[in-house]
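*Asks:* Protein chains in written order, with the numbering used here: chain A, 414 to 642; chain B, 414 to 642.
It is worth saying that the hints were derived from the structure and are not from the lab.
Beta carbons are placed, not taken as given, at the ideal position from N, Cα and C, and that holds for glycine.
Short, incomplete list of chain B residues facing chain A, as computed with Cβ under 10 Å:
(1) Ala526
(2) Ala528
(3) Tyr546
(4) Phe553
(5) Ala556
(6) Asn562
Protein chains: 2
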Amino acid sequence: MSTRQAVVLLSGGLDSMVCAALAREEGFSVLALTIDYNQRHRVELEAAKRIATDLADRHIILPLDLTAFGGSALTSDIDVPKDGVGADGDGGIPVTYVPARNTVFLSLALAWAEAAGAHDLFVGVNALDYSGYPDCRPAFIEAFEELANKATRDGVEGRGFTVHAPLQNMTKADIAREAARLGLDAGISHSCYDPAPDGAACGYCDACRLRAKGFEEAGLVDPTRYVAR
Amino acid sequence: MSTRQAVVLLSGGLDSMVCAALAREEGFSVLALTIDYNQRHRVELEAAKRIATDLADRHIILPLDLTAFGGSALTSDIDVPKDGVGADGDGGIPVTYVPARNTVFLSLALAWAEAAGAHDLFVGVNALDYSGYPDCRPAFIEAFEELANKATRDGVEGRGFTVHAPLQNMTKADIAREAARLGLDAGISHSCYDPAPDGAACGYCDACRLRAKGFEEAGLVDPTRYVAR
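Isolated chain A, as found in the complex (with noise of 0.2 Å):
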C-alpha cells in the first residue's frame, strides 16, 4: 500500500468514481468517505460500497443526519423537480440543493485526513454541466483550502492541505470518458435523486437528465438501468 493517502468524498455517483479512480492513478491510497445524511436515494450507499471495494483501501460510511435540518428536497418531502435542468425555479439554485453539504463533507473529510496523517483531499464537483450549486464552484473549493490550512494542526504547522477537484473543468462527457479510459464500470455507480424502490433510475431529475446526456455526447453506451417504461 502506497504511504501517499488521500480522503476521497465518495458518494457512490459516476463524479466520486471517477475522482476516486484518478487519485489512485496519481499514486495514492484511496480512504474513501462517504456520509449516509439520511438521503431518499439510500440505494447510492450500495453504489458506494460496491465502488469501495473496487477502489479504495479503506472505506468509512459515516452516519450524519442532515434530515434535522431539512430545507432540501433530497433530504425532506419536498417533490424532486423531473422537468429538466434548472426547471424548478429562477433559473438559480436547484431545491435539490443541500444546505452547506460540500462544506459539511469536506469538513469531515479533512477531519479523517488530519487524523489519518493525509493531506490532500479530492471532491469530485465539476462547474461545467453542473446542478448550479454554490458549493461546487472553483471560488467555494479556494476557500475550503484555505481555512483547512488554518483549522488543523497539521496546516498551522506547515504541513497543509491540498484540496483536489480533478473533475472541476470537465463536462458530463469528459467525465463519462474519463471513466472509460480509467477502465470502470460505470453501471455500478449511482446518479439518480429518485430512485425506483429496486435502484433503477428515474431518468427525469437533472441528476439522470445529466448523466445520460454525459454518455450521449462522449458517445458512449449508457450503461444506466433506468425504470421501465
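Go by the hints and put chain B onto chain A.
*Replies:* Positioned in the frame of chain A, the structure of chain B alone reads:
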C-alpha cells in the same frame, strides 16, 4: 419569539453557555446546536440540555461519531493529560485537540442556519487563556465566515452569514464575570474533559485548570462540583 434567529454551538461548557446568553442579549432567538460526537465527557450533553432549557428556543443534539476517525484524547483511548496546561507535549497543540472539530461543528451550524433562514452563527471560542487549538484562533473564524459566504445559496445570493465569536478576546476571568453579569448559574455548565461517572469534574485537566483559574482571577466563587479527595 424574535424573528432574528442565530445558531449557537452549545457544547455544555461555560464558554458556550455565556455565548448563548450573549446571543439572546443581542436580541436573537437561539437555535442551539450540540454535537454528540461520542466524546468521553458525555456528561457535557446533559449540561447542554440544562442550558438549552434556560436559553434556547430550539435545541438539536446531533449524533456524529467522530471516534470513527480517531486521533484525539477526547475521542479515543489516549490519556487526557492532567499535569498542567500545555504539559502534554512540546508546547504546541495538545492531544485533546480533535482534528478539524470546530470546522465540522461550524459547518453543521451553517447547514442549520441556512435551512432555518438564519444568518448568524455564534461560537464560544476564545484565544486568550485557551488550550492552543488552531480552530479557536481569530484567523480561523475569519476564514470560516469567508467560506460560508461562498459555500451557500444565501451567501452567493448576497444574504451573507456572520460568524460571531464574542468571547474571542476575553480571558477566562472575563468569561466568569460575564456569566455573573448575565445572571447565569455557571454550576449547570460542564467543562471537564475527564469527569467521574457522576459528572464531578476531575480538577486537573486543562479545561478544569483554565475554568478554575477564571473564577479565581475574577474573584468569584467557583460553583464547579469536583471529585471528592
